[in-house]
Amino acid sequence: MPSALSLPGQAVAFAVVAAFVGYFAAHPVYHQVPEGDAQIKLALLHGGARVVDCRRLTAEELAKLPTTERRPNDCSRERVQLVIELSVDGRPIYEDVLPPTGLSRDGASKTYRKFLVPAGRHVIEARLRDSKRSVGFDYEKRLEADLKPWQNLAIDFNAEQGGFLFR
Amino acid sequence: MSDRFPAITAPLRAIFDEAERGLSKAFPPQWNPLLNLGALGFFFYWIIVASGVYLFVFFGTGVNKAFDSVEYMTRDQWYAAGLMRSFHRYASDGLVVAMLVHLLREFSLDRYRGVRWFSGLTGVPVLMLVYVAGVSGYWLVWDKLAQYVAIVTTEWLDHLPLFGQPVARNFLSPDSLEDRFFTLMIFIHIAIPLIALIVLWLHLQRISRPRINPSRGLVIGAGLALIALSIVDPAVSQGRANLAEVPGAVGLDWFYLGAYPLLENLPGRATWSCAVAMLLVVAAAPWLPPLRRAVAAKVDLANCNGCTRCVSDCPYNAITMRPRSDGRPFEAEAVVDPGYCVACGICAGACPTSTPFRRMSDLVPGIDVPDRSIASIRADTEREAARLAEGTRVMIFACMNACAAEACRSDAVGVVSLSCSGKLPPAFIDYVVSRDLADGVIVAGCADNSCLNRRGGAWTTDRVERRRDPRLRERIPTERVKLVFAGRRGAAHLQAEVKAFAARLESLGPYRPVRDRKITSSQPGRADA
Chain C
1 MPSALSLPGQ
11 AVAFAVVAAF
21 VGYFAAHPVY
31 HQVPEGDAQI
41 KLALLHGGAR
51 VVDCRRLTAE
61 ELAKLPTTER
71 RPNDCSRERV
81 QLVIELSVDG
91 RPIYEDVLPP
101 TGLSRDGASK
111 TYRKFLVPAG
121 RHVIEARLRD
131 SKRSVGFDYE
141 KRLEADLKPW
151 QNLAIDFNAE
161 QGGFLFR
Chain V
1001 MSDRFPAITA
1011 PLRAIFDEAE
1021 RGLSKAFPPQ
1031 WNPLLNLGAL
1041 GFFFYWIIVA
1051 SGVYLFVFFG
1061 TGVNKAFDSV
1071 EYMTRDQWYA
1081 AGLMRSFHRY
1091 ASDGLVVAML
1101 VHLLREFSLD
1111 RYRGVRWFSG
1121 LTGVPVLMLV
1131 YVAGVSGYWL
1141 VWDKLAQYVA
1151 IVTTEWLDHL
1161 PLFGQPVARN
1171 FLSPDSLEDR
1181 FFTLMIFIHI
1191 AIPLIALIVL
1201 WLHLQRISRP
1211 RINPSRGLVI
1221 GAGLALIALS
1231 IVDPAVSQGR
1241 ANLAEVPGAV
1251 GLDWFYLGAY
1261 PLLENLPGRA
1271 TWSCAVAMLL
1281 VVAAAPWLPP
1291 LRRAVAAKVD
1301 LANCNGCTRC
1311 VSDCPYNAIT
1321 MRPRSDGRPF
1331 EAEAVVDPGY
1341 CVACGICAGA
1351 CPTSTPFRRM
1361 SDLVPGIDVP
1371 DRSIASIRAD
1381 TEREAARLAE
1391 GTRVMIFACM
1401 NACAAEACRS
1411 DAVGVVSLSC
1421 SGKLPPAFID
1431 YVVSRDLADG
1441 VIVAGCADNS
1451 CLNRRGGAWT
1461 TDRVERRRDP
1471 RLRERIPTER
1481 VKLVFAGRRG
1491 AAHLQAEVKA
1501 FAARLESLGP
1511 YRPVRDRKIT
1521 SSQPGRADA
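As you go down the protein sequences, you meet chains C and V in turn. For the first sequence, my numbering gives the first residue as 1, with consecutive numbering after it. For the second sequence, my numbering gives the first residue as 1001, with consecutive numbering after it.
Now the in silico label distances, taken between C-beta atoms and shown as ranges: (1) C:VAL29 <-> V:GLN1495: 49 to 59 Å; (2) V:ILE1198 <-> C:GLU78: 42 to 52 Å; (3) C:PHE20 <-> V:PRO1011: 18 to 28 Å.
Calculated directly from the structure, the hints in this document are not laboratory data. C-beta: ideal position from N, C-alpha, C; glycine also.
With the rest of the complex left out, here is chain C (with noise of 0.2 Å):
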């Protein structure tokens, strides 16, 4: 058995545990994003149109309702899917379709994905279709960025403020 007088033992022991705890605090430094790298975030939570348009209620569809149940409108619940477009300098690097949320399907659709570009100048382009049509988009923002590395490109959308908002 040691005496409590072992110190120079116990000074060792405890250094080389502080010294591990120290490094490992704060070491290996990670690399989330290489060096010469560019983010640009992607964020939507956007609800689509009715599948079925709304309809304006007759005098005598609403007459024949409770009167705690009279509305102007009989709309469906459920909402197209989303279809957006993400590209770079003109070449796609995200194509979703995205559907609505919910168990009846009439929630809002949403996404939200990262991607690595190059750092430097580039041409954005995003695009987003939120209606009944087959074909074309509802809405398409362009911006030319001259992206500096370690950069956060962010893109929101906000159908109030115009569709796409690169921040």
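Based on these hints, arrange chain V on the given structure of chain C.
Coordinates of chain V only, in the frame set by chain C:
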């Protein structure tokens, strides 16, 4: 010990044993960090709480206030709040290290299943809560590391269909983050450790006298190490978070954030499946086959006088006293809860009726473990004694969880195996020496402070050194008893001790009771025969 995964646990146990042996050369048992991981963990926890309270006084809750206040503490108040920040950081890391080593050690010792399921199961939420608390702490600094942690954490959470709006959208761009997020995070960072403390209390419910207070030596050693580390390599921020940039290179705290690169780069479905599967396996581990069901200790009321020694010595709170049910003139009787009992037999070692001198009736103590009864130990003792040849004879009572004492067996050395050194009633030592079954007795057990059954070694020492009931009778000279807590890797040490002990016994000559040493003619024994 019947392990579930011997291919894993055996080498792991060997590593722990060697580490314990190495550290025991420098540390007394009560100071040895490896033997006091629970106490060390609690020490770190209280350091975290104390330093956290201090830091909270200066912390600003808000997108800009958070980083600025932490910078103020780190730079302008480096001698006080800055030091506290480093304590907070490194004590948190120390807590994780102590917790993970404790987990591995308990796994290697197979101390998480059978009736120990409760401790194993309640340890899982503690682990999770400590990690949640730690991760939320990194978030609060709101530097580049915090940004990385916030984004990866929320992106990982968003893989679950729980949130209507992806939480990670809050970190899309600089103008999307609100101060309220920091209010939520500080609430989580304070509430979770408090919940962890409650679960820790539950974690310790099925053991008696848990070692949660570190010894003064351990406090001084670990405290000085924390101070030295905080001065040499103080915790600093990694630059203000900026959501317009990617935190391209971050110095991760690998103790808390080691899995983050995987969470970030592997598909969410894979990482969540993996995490849930691991959680289920760890939580279900105590019940996975092969099941281990120890036969619990049994009380024999005809021999139990309600003395409470077994209650006092049981390391697992498995015995309670209740009013007498058999009408005998005693106040209480012992009752064993089989759901708590690990069948270590320490209760039988504490029972005053566990005396091998009994001949008028069957040797049935007030409490005993059926799988290794006191009667069978007496039978083995007598059989071993009968085998010993003339000369200096040694009887070893060896814990089967400690080193292989069988290697010591010879014509001069008898070995009786026990489930724990604490199972041995001191009356057996008296019996062996006074009945001249051997010239001296060695009790061999797990290493100091490392008893597989928590208290066996400590109680044995106290009983033999006459500090705890049942005490070794005064008539047995202490020179004829040797306690060897060599541990599982100490076979060579035990053999050397046996050799030295035999030599000492030889020099002592034949046994004479302490109180009757002058009346040599009346003493039975080999020398008088």
